[in-house]
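S.K.: Single-letter residue listing:
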Amino acid sequence: MNLKANLLNILKNKEISESQFILGIDLGDFASSICYYDVSRKAPEIIDVSGGYGRANMPTALQYTTNSKEWIFGENAILNDPSGEDVSLSNVLSKLGSNFHIKIGDELKSGTYILARYIEELVKNLKNINPKAEIAGIIVSVSDYIADAALQELSEAFEQAGCSEKVIDFVSHRECALAFHFYTRKADKENLLLVDFGGRELRAGIYEINSGKNSVPANILSYFYDDKLSVGAVDKSIKDKFIKIYNEGADKAAQDILSQIDIFFYQNKDALFQRHIPKKGMRIYYNFVHPPLEYIFTKEDANEIVTPFKLGVKSFFADLFKRAGSGVEFGDITTLLCTGGGFEMLWVRELMEDLFPDSNIFIHKNPKAVNAHGAAIIAAAKLGLETGKSIEIEDRLQIKKDIGIIIETYGEKKFLPVIERGSFWWQGVKTLKLTARDVKGGEFKIKIHERDDTGYMTEIGSVSLGDLPSFSDIRQISLEFSHVEPKILKVRIEDKGFGEFLHTSGASGEVRIKVSQAGGAS
Amino acid sequence: MNWEYYKQVIKEKGKLPENYYILGIDLGTTNSVISYWNMQSGRAEPIDISGGFGKIPMPSVVQFRPDNKEWIIGEEAYRSMKIYPENTIRSIKRKIGTDEKIIIDGKSYLPEDISAKIIKELVSFVYDLNPKAEIAALVVSVPYDFDDGAKKATMKACEIAGFKDKLICLIEEPKAAALAYNYRHNIEYGEKLMVFDFGGGTLDITVFHVIEKDDRHIKMKVISEGGEAYHGGDNIDESILCKCYELIYEKIGSSKDNISLENQAELILRSREAKERLSGVKSFRIPFTFCIPPFVSSLSREDFEELIADFIDKTTRLVQKTLREAYEGAIVSQDISKVLLEGGSSQMPWVKEMLKNIFNDEEKIYTSERPALDISLGASYYAAMKMGILTESEMETLVPKVEFEATVAHDIGLEIISGGKKEFFTMIRRGTPYSLAKKSHIFTLSGENDEDMTTFDLRILERIDKEDKHENCKLIGDVLVSNLPQRPMGKTRLRVTLLAKEEGGLIKGAVEDLGYTGEFEPSGYNEEFDPSRFLKTSVGGGK
Chain A
1 MNLKANLLNI
11 LKNKEISESQ
21 FILGIDLGDF
31 ASSICYYDVS
41 RKAPEIIDVS
51 GGYGRANMPT
61 ALQYTTNSKE
71 WIFGENAILN
81 DPSGEDVSLS
91 NVLSKLGSNF
101 HIKIGDELKS
111 GTYILARYIE
121 ELVKNLKNIN
131 PKAEIAGIIV
141 SVSDYIADAA
151 LQELSEAFEQ
161 AGCSEKVIDF
171 VSHRECALAF
181 HFYTRKADKE
191 NLLLVDFGGR
201 ELRAGIYEIN
211 SGKNSVPANI
221 LSYFYDDKLS
231 VGAVDKSIKD
241 KFIKIYNEGA
251 DKAAQDILSQ
261 IDIFFYQNKD
271 ALFQRHIPKK
281 GMRIYYNFVH
291 PPLEYIFTKE
301 DANEIVTPFK
311 LGVKSFFADL
321 FKRAGSGVEF
331 GDITTLLCTG
341 GGFEMLWVRE
351 LMEDLFPDSN
361 IFIHKNPKAV
371 NAHGAAIIAA
381 AKLGLETGKS
391 IEIEDRLQIK
401 KDIGIIIETY
411 GEKKFLPVIE
421 RGSFWWQGVK
431 TLKLTARDVK
441 GGEFKIKIHE
451 RDDTGYMTEI
461 GSVSLGDLPS
471 FSDIRQISLE
481 FSHVEPKILK
491 VRIEDKGFGE
501 FLHTSGASGE
511 VRIKVSQAGG
521 AS
Chain B
1 MNWEYYKQVI
11 KEKGKLPENY
21 YILGIDLGTT
31 NSVISYWNMQ
41 SGRAEPIDIS
51 GGFGKIPMPS
61 VVQFRPDNKE
71 WIIGEEAYRS
81 MKIYPENTIR
91 SIKRKIGTDE
101 KIIIDGKSYL
111 PEDISAKIIK
121 ELVSFVYDLN
131 PKAEIAALVV
141 SVPYDFDDGA
151 KKATMKACEI
161 AGFKDKLICL
171 IEEPKAAALA
181 YNYRHNIEYG
191 EKLMVFDFGG
201 GTLDITVFHV
211 IEKDDRHIKM
221 KVISEGGEAY
231 HGGDNIDESI
241 LCKCYELIYE
251 KIGSSKDNIS
261 LENQAELILR
271 SREAKERLSG
281 VKSFRIPFTF
291 CIPPFVSSLS
301 REDFEELIAD
311 FIDKTTRLVQ
321 KTLREAYEGA
331 IVSQDISKVL
341 LEGGSSQMPW
351 VKEMLKNIFN
361 DEEKIYTSER
371 PALDISLGAS
381 YYAAMKMGIL
391 TESEMETLVP
401 KVEFEATVAH
411 DIGLEIISGG
421 KKEFFTMIRR
431 GTPYSLAKKS
441 HIFTLSGEND
451 EDMTTFDLRI
461 LERIDKEDKH
471 ENCKLIGDVL
481 VSNLPQRPMG
491 KTRLRVTLLA
501 KEEGGLIKGA
511 VEDLGYTGEF
521 EPSGYNEEFD
531 PSRFLKTSVG
541 GGK
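Those protein sequences? They're chains A and B, same order as listed.
Start counting the first sequence at 1; every next residue gets the next number (our numbering).
Start counting the second sequence at 1; every next residue gets the next number (our numbering).
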């Protein structure tokens with residue numbers, strides 16, 4: 001049954017059979033979650049892929065074992081020590097959009113093919129709830145500001161997994177998180193900070209929420225991310241510490257720790273970082289070495305790992321608020337909404353309490369699954385089952401069109417982008433050096449253009465050098481592009497002369513141009 | 001304060017006070033789970049007892065560390081059993097109900113003492129959830145065919161853990177599973193559900209028939225029960241362990257006796273790991289790091305299933321037997337509409353494959369999304385029902401209330417001497433609904449001397465398998481009946497009553513003197529008894 005037929009059927013009957021499932025999927029860098037919308041309880045529910053024995057989310061990891069020619073997934077892929085030509089993949093998501101390929105057995109397989117196998121496995125868990133399960137519709141939660149190429153490949157992966165007809169839409173993480181948060185809450189005027197501490201990056205956005213009855217109007221004031229503060233970076237530090245402990249304590253004769261340390265890390269990280277370490281420390285057991293090594297992991301050991309990250313996170317938030325403008329300070333945040341696996345770590349939760357003592361802090365008991373929960377709610381709403389509030393994000397932070405100039409080379413005119421779409425207004429100064437030849441004296445003017453994704457160009461303004469002396473040779477002209485605020489682009493032009501032979505005239509000019517594209521709902 | 005007090009408070013307040021906790025405990029052979037009734041979400045929820053290890057269930061492993069006289073329970077005990085092998089106890093549930101002594105640090109412990117430590121540890125996690133928590137009530141699950149002794153020992157464990165007054169009752173595991181299922185899915189009138197609960201120690205197979213259903217309630221009757229008390233994941237671990245010892249002998253010539261306790265513990269861990277991992281991968285490499293020279297051996301899923309072929313055959317036969325020996329006549333596989341898989345061992349791929357072959361329909365097999373948690377969740381639902389929470393009107397509209405017409409799992413009877421030979425005399429037949437499980441029989445007392453007419457031993461027995469002979473029956477309790485009126489031989493008629501209590505299936509009874517028609521009036525002697533497992537119970541003032 002295709003989506004349209006499903007949709008019509010549901011709208012007509014206003015009910016859904018026990019075997020039809022409305023899904024929200026969040027494919028994360030480290031862990032993925034799948035939720036369904038429980039129609040009778042009118043609430044999203046995670047599909048526990050561990051059978052209740054482990055983590056409800058499935059690690060985004062795959063392994064191809066050459067001996068049995070099978071793909072294994074999730075925890076099994078992490079715990080299975082690969083051998084020979086087995087291929088382990090734990091970062092497929094990060095490769096989306098790069099046309100990634102890898103040799104599997106004798107064949108070259110694409111990233112989309114591999115991701116499709118993972119999606120199939122994730123969706124298969126639905127059969128554990130009901131062997132007759134059918135998918136009514138899926139909302140896929142994707143990274144905020146996902147690149148077009150990555151989204152295209154993700155869409156292909158769902159198609160290869162046989163789900164494309166079921167995918168209603170791809171919706172940003174932030175929209176999903178807000179949909180989940182406001183599902184049972186009314187939107188009132190407030191400043192909300194949404195923090196996503198994920199595998200690849202720490203991301204945060206400050207949102208000005210306005211009152212809405214059936215909608216959540218949200219104006220984004222600031223958005224920032226840092227990959228040096230990711231859960232992946234923290235994990236690497238923990239692994240390094242585990243290796244150091246091993247090196248100092250074990251009889252390491254001919255023992256290959258690297259093949260086991262990922263498994264050991266997976267089994268021990270949560271125990272050490274999800275709760276307070278008691279004064280006497282916590283024992284960890286290197287059972288994979290012989291004789292087994294027992295180590296008492298202390299608070300000091302933990303601090304050694306997390307202190308640099310704590311400092312980094314503090315500075316990250318300071319930068320975020322600096323960019324927010326409008327005088328929003330730490331104390332102005334009414335609600336702090338926390339998502340992502342990083343919030344499973346106690347020090348992160350405590351740090352948030354320290355930084356935002358007056359805010360209402362919301363950390364879901366399964367922070368990795370927040371986006372999937374929200375996606376399931378949005379899916380139910382799109383299928384007409386749930387009158388959930390629509391999330392309307394006014395985003396002025398991301399540049400949605402290329403900004404550049406038109407240059408002429410060997411008689412051919414072409415557009416030269418200086419600020420590329422997808423970048424953020426605060427991402428520094430872009431400088432361009434041009435070589436001008438045979439210019440008549442007087443005003444030297446350069447037109448500034450925007451180019452949309454179809455290639456259509458619009459002139460948005462110009463910048464000029466007022467009193468440039470005439471010259472018959474070449475000289476360098478420098479152009480600096482930077483945003484002073486989301487809507488305003490500053491362009492500075494300067495005569496640079498030409499080396500020692502042609503000194504600069506000192507001519508310069510500056511203009512502020514209102515850019516049309518920095519705005520609109522995401 | 002006991003659970004009835006808390007029930008009264010809840011009734012008076014009209015809701016569950018914030019700090020009151022109504023708990024359900026699945027005290028498993030391999031893993032244990034605790035859950036609570038969450039008033040806010042209106043449903044039972046598991047408590048993460050992993051200590052951050054990521055797994056909700058807690059390994060049912062208890063360890064004593066002599067260096068600092070410390071008891072360690074759960075995941076840490078499991079992980080460190082290689083370091084403290086001689087003081088680590090696992091699978092204690094398999095011994096519960098026996099008087100087998102466990103010697104730790106020179107002290108002797110009964111299985112219920114060890115189970116009590118697990119219960120205490122589980123409940124301690126409630127205080128992590130809410131430091132002001134007050135435990136209001138508790139329901140603990142037991143396998144359907146736990147004998148009376150094992151049930152009593154489980155209750156004793158709760159008492160030792162300090163929850164005697166809080167324990168409402170025991171609940172049979174399949175009943176708990178069906179309850180948990182009911183709160184997630186629709187149960188249809190007339191359908192027959194099989195709960196296949198395959199844990200670390202036990203296989204419980206129970207068939208429920210939905211005999212009544214309306215908007216408000218569902219009534220299910222147990223129409224068949226099967227399985228085996230010592231048939232679970234531990235048996236499989238044992239098979240892999242034996243295979244490991246064989247491999248070591250083949251490779252380096254060492255037998256088990258030559259392997260240190262630490263390394264034996266390592267093999268136990270590896271065997272369990274191999275079993276679990278082979279559910280997700282087709283081949284698993286078992287490292288033998290302690291051997292000289294060290295080696296690695298691959299175990300494929302095919303080899304594994306061949307290794308346990310007899311076990312698989314037996315499991316198949318147990319399912320077929322449950323269908324064949326239904327209380328009201330054999331049922332065929334087509335009669336079963338859903339098979340609900342519960343318990344960790346049910347995750348092994350061969351289980352689903354075996355059931356697919358028997359039922360010939362893959363879509364009947366419900367794997368359950370959280371088989372590890374369902375029993376505990378069901379126990380919490382039951383506790384909430386017993387505490388009056390789920391009878392509130394808003395709850396009734398959420399999901400229909402479930403009633404069970406559960407039946408007695410085994411024949412319950414007395415040891416009698418007939419023609420000079422000891423025999424089992426059935427009082428309560430297996431399959432009898434608990435509502436009818438109160439049976440009396442009139443016996444005429446005979447003996448060899450006068451004392452035999454005033455004092456005698458009443459031996460109450462449980463016949464687990466209906467083909468079992470008298471000598472294979474399990475003793476529920478010895479009751480010394482004394483101070484009966486002195487009468488001539490054959491002139492005393494006694495009414496002996498046995499009753500099985502629905503909540504936990506515990507056996508109680510009474511002896512009443514009926515006199516002798518026309519000659520002797522009834523003396524008024526009417527004594528009730530509650531037999532103990534190990535000690536002789538006395539009634540009538542005798543010692």
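Careful, some of the hints might be misleading.
As the list claims (entries may be wrong) - The calculated DSBU-like cross-link candidates involving lysine-lysine, where the alpha carbons are at most 30 Å apart (straight line), are:
hint	chain 1	residue 1	chain 2	residue 2
1	B	Lys282	A	Lys299
2	A	Lys413	A	Lys382
3	B	Lys282	A	Lys69
4	B	Lys95	B	Lys508
5	A	Lys103	A	Lys299
6	B	Lys11	A	Lys279
7	B	Lys352	A	Lys69
8	B	Lys221	A	Lys103
9	B	Lys95	B	Lys132
10	B	Lys107	A	Lys42
11	A	Lys132	B	Lys508
12	B	Lys11	B	Lys474
13	B	Lys69	A	Lys124
14	A	Lys280	B	Lys107
15	A	Lys322	A	Lys490
16	A	Lys365	A	Lys433
17	A	Lys228	A	Lys241
18	B	Lys321	B	Lys356
Don't read these hints as lab results, they were simulated from the structure.
S.K.: Now look at each hint and say whether the structure bears it out.
M.R.: Consistency of the hints with the structure:
1. B/Lys282 to A/Lys299: violated (40 Å)
2. A/Lys413 to A/Lys382: The given pair, whose Cα atoms are some 46 Å apart, is violated under the 30 Å limit.
3. B/Lys282 to A/Lys69: Given pair B/Lys282, A/Lys69 holds - Cα atoms ~9 Å apart, limit 30 Å.
4. B/Lys95 to B/Lys508: holds (23 Å)
5. A/Lys103 to A/Lys299: violated (44 Å)
6. B/Lys11 to A/Lys279: Violated, at roughly 43 Å.
7. B/Lys352 to A/Lys69: Within the cut-off at roughly 22 Å; holds.
8. B/Lys221 to A/Lys103: violated (57 Å)
9. B/Lys95 to B/Lys132: Outside the cut-off at roughly 35 Å; violated.
10. B/Lys107 to A/Lys42: Judged against 30 Å, a Cα distance of about 55 Å means the pair is violated.
11. A/Lys132 to B/Lys508: violated (46 Å)
12. B/Lys11 to B/Lys474: It is violated: about 42 Å lies between the C-alpha atoms, which goes past 30 Å.
13. B/Lys69 to A/Lys124: Violated: B/Lys69 and A/Lys124 sit about 48 Å apart, past 30 Å.
14. A/Lys280 to B/Lys107: holds (27 Å)
15. A/Lys322 to A/Lys490: holds (19 Å)
16. A/Lys365 to A/Lys433: It is violated: about 52 Å lies between the C-alpha atoms, which goes past 30 Å.
17. A/Lys228 to A/Lys241: Holds. A/Lys228 to A/Lys241 sits at ~18 Å (cutoff 30 Å).
18. B/Lys321 to B/Lys356: Roughly 16 Å between the alpha carbons, so the hint for B/Lys321 and B/Lys356 holds.
Hints 1, 2, 5, 6, 8, 9, 10, 11, 12, 13, 16 from the earlier list are contradicted by this structure; the remaining hints agree with it.
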